[in-house]
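Asker: The lines below spell out each chain.
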Amino acid sequence: MDDRELLEFYRAARAQLPAGTEPLSEEREFGHKHIADTGFPTRHHEAWRHTNPAPLTGTGFGPVSTPGKVSLEQISPHTLTVDNGPRLVFVDGRFAADLSRMPEMSGLLVGALSDATVAGHPVIRDQLRRRVALGGDGFCGLNAAFVVDGAAVIVDEAVAVDEVIEVLHLTTGSSDPSLTAPRTLITASAGSRLNVVESFTSLSVAPSLTSSLLDVVVGDGAQVEVTRIQAETDTAYHVGNVRVREAEGSRFTAHSLCLGGRIVRNDVVTTLEGEDIDSTLNGLSLTLAEEHVDNYTTIEHAAANCTSHELYKGILADASRTVFRGKIHVHREAQKTDAYQSNQSLLLSDSAEVTSKPQLEIYADDVKCSHGSTTGQLDANAIFYLRSRGVPFEAARRVLTRAFAWELIDRIPESVRHHAEKLVSAKLDRVLAGTATS
Amino acid sequence: MLKIENLHARIEETEILRGINLEVSPGEVHAVMGPNGSGKSTLAQVLAGHEVFEVTTGSVTYEGEDLLGMDPEERSRNGVFMAFQYPVEIPGVNAAYFLRTGLNEIRKHHGENEIDAIDFLQLIREKLALVEMDESFLKRSVNEGFSGGEKKRHEVLQMAVLEPRLSILDETDSGLDIDALKIVANGVNHLQDESRSAIIITHYQRILDYIVPDFVHVLIDGRIVRSGNKDLALRLEEEGYDWLREEAAATVGT
Chain A
6 MDDRELLEFY RAARAQLPAG TEPLSEEREF GHKHIADTGF PTRHHEAWRH
56 TNPAPLTGTG FGPVSTPGKV SLEQISPHTL TVDNGPRLVF VDGRFAADLS
106 RMPEMSGLLV GALSDATVAG HPVIRDQLRR RVALGGDGFC GLNAAFVVDG
156 AAVIVDEAVA VDEVIEVLHL TTGSSDPSLT APRTLITASA GSRLNVVESF
206 TSLSVAPSLT SSLLDVVVGD GAQVEVTRIQ AETDTAYHVG NVRVREAEGS
256 RFTAHSLCLG GRIVRNDVVT TLEGEDIDST LNGLSLTLAE EHVDNYTTIE
306 HAAANCTSHE LYKGILADAS RTVFRGKIHV HREAQKTDAY QSNQSLLLSD
356 SAEVTSKPQL EIYADDVKCS HGSTTGQLDA NAIFYLRSRG VPFEAARRVL
406 TRAFAWELID RIPESVRHHA EKLVSAKLDR VLAGTATS
Chain B
388 MLKIENLHAR IEETEILRGI NLEVSPGEVH AVMGPNGSGK STLAQVLAGH
438 EVFEVTTGSV TYEGEDLLGM DPEERSRNGV FMAFQYPVEI PGVNAAYFLR
488 TGLNEIRKHH GENEIDAIDF LQLIREKLAL VEMDESFLKR SVNEGFSGGE
538 KKRHEVLQMA VLEPRLSILD ETDSGLDIDA LKIVANGVNH LQDESRSAII
588 ITHYQRILDY IVPDFVHVLI DGRIVRSGNK DLALRLEEEG YDWLREEAAA
638 TVGT
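Which chain is which? The protein sequence lines are A and B, in order.
What the first sequence shows, in this note's numbering, is residues 6 to 443, in sequence order.
What the second sequence shows, in this note's numbering, is residues 388 to 641, in sequence order.
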C-alpha cells in the first residue's frame, strides 16, 4: 500500500472506532492529520535505516471491533504476584474492568481514559492538549489516530505511592491483523514518588501491531520508576514511543525489557528541563529466530547540572538483530552535564547482528559525556574455568549468559524484580536452547 | 594414580609438549620446574582439558581411565583440579555461587545431595579461615577486582572446598609475597594425605621450602630432562637451567 491508500484504509478503519471520550476523539483527529502531513517513514529515513518499517504499514492492520474474552486465570502469568496494588488491564486496546483493580488511595488517581471522569480531569486534558504525538513520526501519529483507551496515573504533590501500579496490555488475536494504540499518561506531581510497570503480551500467534505511546511528566523533585516489559509473540509488531519530561531535581528511571516480538521498535525521548535531574534508561533484550529489536533513544539535556545514564544490553541468538541508537543532546545552557551511555551485546550465534550507534551532540563546553559499545561472544576462558570446576558446558553457558543479563535485572525495583526474573529466565532458556551447539 | 606416556601436544602449528613421561602415585608431591616457555603451563592445561591444546600423540591414564577422553568437567568431578595461573574474572557471578555450583556438581556425581545453604556456609567458613580470607569476599564477583594474591588464595580456597585427589598448581606461587606464599602452601599441605597427590608447577624453588616435594622434574623444550629429589630444586636455584639445557642438547644431538 502506498501512503495515500494507507491513509484511506486508516480513514475507513477509524470510522469503526467507538466514539469514546471527547479529548480522545479530538486527539484522533490530530493524529490522522499528522499522518496525512508527515506520512510514514521508510528505510530511506535515517532514523529507520536499520529497521525496515515496511512490514508495519504494509499488511493492513486494523482496529479490533470486538475485544477478545480473557479470564483472570489467563492473565495471571503476566501479572505481578502482589495482590492488592492498582492494576489496569486492557484487552485488544479496550479497558477490561473485570480484570482490573482500582483501590481507593488518597492522592492517587488510576483509571482508564475511556472513563469520561478520568479523561475530563484537568491534568489529563492538559497532558493530551500538549499533543506529544505530533512531535514524533507517522507511527506516533498512528497512536494518536487510533487511541480509544489507555491508562491514566496521577499522583498528587508530595504523595509517595508504595504499591506498584500495573498496566497490562493484552492482544488476543481473535480477529484479522489487529492494530491497537494504547496510550499511557503518567503525571507525578512535585515531590511525589511512583513505581509503574507496563507490560505488553499477546495471547495468540495472530499478527498484531501495537502502536503504544507512554507520556510521562515528572514534576519538581519527583521520583518515577517505570518498568516496561514487551513479551509478545514472533508475529507481533510493536512500535513504542516513550516521551518523558523531567522537572528540576527529579529522578526518573526506565527499565525496558524486550522479550519477544518480530519487530520491536522503541523510540524514547527524555527531556531534562530543569537542573539537578538524575535520569536513567536501562534496557535488556533477549532475541532469537528472526526477532528484531530497535532501541532508538534520545536524551535531551536542556538544563545545567544534570546526570544521565544509559545501559542497554542485548543477548542475541539465531538470526536475530538488535539496533541501538543513543543520542545525547547537550544544549548550550546545559553546563556541568554528566552523561554516560553504554551498549553491550552478547552474540550466541554467528548469524546474529548488532548495530550500535552512539550519537553525542554537545553544545556546552563544560560537560562530561562518554559512551562505550562492546559486542562479543561468551568468554571461552570463563567457560573453561567453570567446566574445570565441574560445571557442565551447557550450565556454564547459562551461568555466564545469566550473569550478563542480571546486571540489569538487579537494578529493577524489588517489587517488580521477581516477575521480571521469571519472564527473563523463561526467555533465556529458549534463547540458550536454540543455540545449544554454537 | 596418574601416568603420562610420551605426551605430545601443540597449539595451532607449534608443538609445545614433545614426549612427556611422568608417573604420580597416591600421596606423592611432584614439582615440575623449568624456564619460561618450556611447556610447564601447557602440561597443566592439557591435564585440565583446555581445548586450545591438541594432543597429537601419547596417553594420560588417571586412576586407570583415559583422562584425555574426559571433558574438563568430568575430570573435575573425578577429582582432578588445576589452580589457574591466571584465574579468570567472571563479572556478575559471585564467589559463593561459583564455589557452591562446582561443589554441587561434584556431589551429584558421587550420588550425594546438593549441599544446603547452612551446611555450605559452615564449610566455607572453615575453608576461608584456612586461606585467611574474609567472608565478605564471597559476595564479590569471581576474581573481579581481586589483587594478585587474592586470586591465588581464591584458587586454593576452591581446592580446599572441592577436595581433589590430584591437584595441579600452575605457578600458584608467582607474584606472591612471603606471607601469601605461606598461606597458599598451608592450604595445599592441609589437604595433602596418603591418598592425594599434587603437581606443583613453579619457576622458583621458594615454594618448595613450604611444600616439600617427593620428586622434582625439570622440563625443557617440552621434555622432562632430569628428575630427582628436592636437592635438584636447590641446585637449579643456584646454577640456573643452562647446564641442563646443554646436557639436553648433547643427548638429543641437536
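Read the hints as simulated data drawn from the structure, not as lab findings.
All of these numbers come straight from a predicted model, not from anything done at the bench.
Please note that the accuracy of each hint is not assured.
What the hints assert, rightly or not - Pairs of lysine-lysine, DSS-like flavour, derived with a Cα cap of 27 Å: (1) Lys495/B to Lys427/A; (2) Lys495/B to Lys569/B; (3) Lys74/A to Lys38/A; (4) Lys569/B to Lys538/B; (5) Lys495/B to Lys526/B; (6) Lys427/A to Lys514/B.
Said to hold, decoys possible - Interface residues of chain B toward chain A, partial, derived using beta-carbon atoms under 10 Å: (7) Ser463; (8) Leu490; (9) Asn491; (10) Ser534; (11) Gly535; (12) Ser561.
From the three backbone atoms N, C-alpha and C, an ideal C-beta is built for every residue, glycine too.
Asker: Each hint: holds or not?
Answerer: Hints and how they fare:
1. Of the supplied pair hints, the one linking lysine 495/B and lysine 427/A holds, its CA atoms being roughly 26 Å apart against a limit of 27 Å.
2. Among the hinted pairs, lysine 495/B with lysine 569/B is inconsistent with the structure: their alpha-carbon atoms are about 33 Å apart, more than 27 Å.
3. At roughly 33 Å between alpha-carbon atoms, lysine 74/A and lysine 38/A are farther apart than 27 Å, so this suggested pair is violated.
4. Annotation: proposed proximity of lysine 569/B to lysine 538/B holds, straight-line Cα distance about 15 Å (limit 27 Å).
5. For a cut-off of 27 Å, the pair hint linking lysine 495/B to lysine 526/B stands: about 24 Å separates their Cα positions.
6. For the proposed pair lysine 427/A and lysine 514/B, the alpha carbon gap of about 34 Å is over 27 Å, so the pair is violated.
7. Hint status for serine 463/B: holds, given a least beta-carbon distance of 4 Å to chain A, under 10 Å.
8. The interface hint given for leucine 490/B is met, as the beta carbon of that residue sits about 8 Å from the closest beta carbon of chain A, less than 10 Å.
9. About 8 Å separates the beta-carbon of asparagine 491/B from the nearest beta-carbon of chain A, less than 10 Å, and the hint is met.
10. Because the closest C-beta pair between serine 534/B and chain A is about 18 Å apart, greater than 10 Å, the hint is violated.
11. Taken as an interface hint, glycine 535/B does not check out: its beta carbon lies about 17 Å from the nearest beta carbon of chain A, beyond 10 Å.
12. Below 10 Å, beta-carbon pairs count as interface contacts, and serine 561/B has none with chain A, the closest being about 18 Å; its hint is therefore violated.
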